[in-house]
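Top line first, the protein sequences correspond to chains A and B.
Mapping the first sequence onto the working numbering, position 135 (from 1) lands on 180, and the numbers just tick up by one.
Mapping the second sequence onto the working numbering, position 82 (from 1) lands on 91, and the numbers just tick up by one.
Misleading hints may appear alongside valid ones.
[To be verified] Examples of chain B residues toward chain A, derived with CB under 10 Å: (1) N24; (2) K42; (3) I93; (4) F99.
[Unchecked claim] Quick list of in silico lysine-lysine cross-link-like pairs, DSBU-like style, CA-CA up to 30 Å: (5) A:K263 - B:K14; (6) A:K181 - A:K206; (7) A:K181 - B:K74.
These aren't lab readings, by the way, just hints derived from the structure by calculation.
Glycine residues also receive a C-beta, built at the ideal position from the N, C-alpha and C atoms.
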Amino acid sequence: MNNEYDYAMERRLHSLDPELHRRFTESVFGLQHILSNYLLIFPTFTDHTELHSLNVIDFCNKIIGSQLEKLNADEIYSLLMGCYFHDTGMGIRESDFEEFSKQIDFGDYFETHSRDCIPDIVRDFHNEYSGLFLQKYSALFDIPSEVHLKAIIQISRGHRKTDLFDEKEYPIALPLENGNTICCPYLSALIRLADEIDVAAGRNLSFLYDSETLTNEKDIIEFGKHEAIKEVVVLDDKFVLNIDTNDDFVYNNIEKMAVKMQKTVDECNRAVTGRTPYTITQKKIELRRI
Amino acid sequence: MKIIKKTDNDTLILNVEGRVDTATSPELETMLKSEIQNYSKLIFDFKNLDYISSSGLRILLGAQKFMGEQGMKVINVNDTVYEIFEITGFSLIVDIDRI
């Protein structure tokens, strides 16, 4: 099996800038406990810990492929950090929820959603809570500059919903004092795509997750999809989901999910091709019954 | 990949040989699912492990979550595999003895 891109970003960061790499690895150590906090709010949810971050990084490595040579150390550091921080908003404390909620533009969300269902609010805006978490607690993670912090926040927020065409929010060349720049739309598109793919994959380890405890219908449907998707393969031109199920209900739900994934693939491709010197070579989601 | 299982009272020792990657890691996951709840300590012996991919690393970290931080140890880790723990940041998290 081809492992050409395994750990490619981590290796390249270590080689280009050992000091930034040190800051990254020490952040991983600090974040592993913080990431597990999501279980307090979402005990039956799919994994959002460092195990998910590892998958997101792995998918990013595969999607970037040979374009890694074009990324500088600051971009690699910012993306790796974003991969670890993007879901920190799923496990915020109640006091932070109150504080951060005052800073988020919820639009017309509460016209159709209750203000009392905090888990729904956290889930639906967790990318924004992640950004605000990072802003508040950045000193804990030894982030080298305000510019790096801004990049990591935007990449973390950008894993869903945000407008990657917004030039102010997602500049193509965020300048650093050392002369390097950070290409925010490309890095955000990568994490958005990688996260979307991993959501499709059955990412809960069987020995850590007891499916028999599930009672919520939505959770059961989600679990059924994850069980059926045996593997997500990243090829040069597409993402292939290998599916093993004879249950038409499950398969139909996977087809619906694939439509949503395709929208994300299209959106990320448009943003990257239209705004950056990079490309995402994968254009399609393909379902294969095995 | 080849997994050789040994036990010592409440300790499960898994000698993992070859490569743990996307193709082989489900076998390791299945082995852990059927075994680890019966033991309070878990040791991975990586003396003959050549490579561990991200999917294998996830299983290892998941096993540590299951066992608790004091309940798992990885021994006889060669330079190639240790480099993976080091570059990913997990050498600070997993209890590792190098060869």
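> Failing hints, ascending?
Replying inline: 1 and 5
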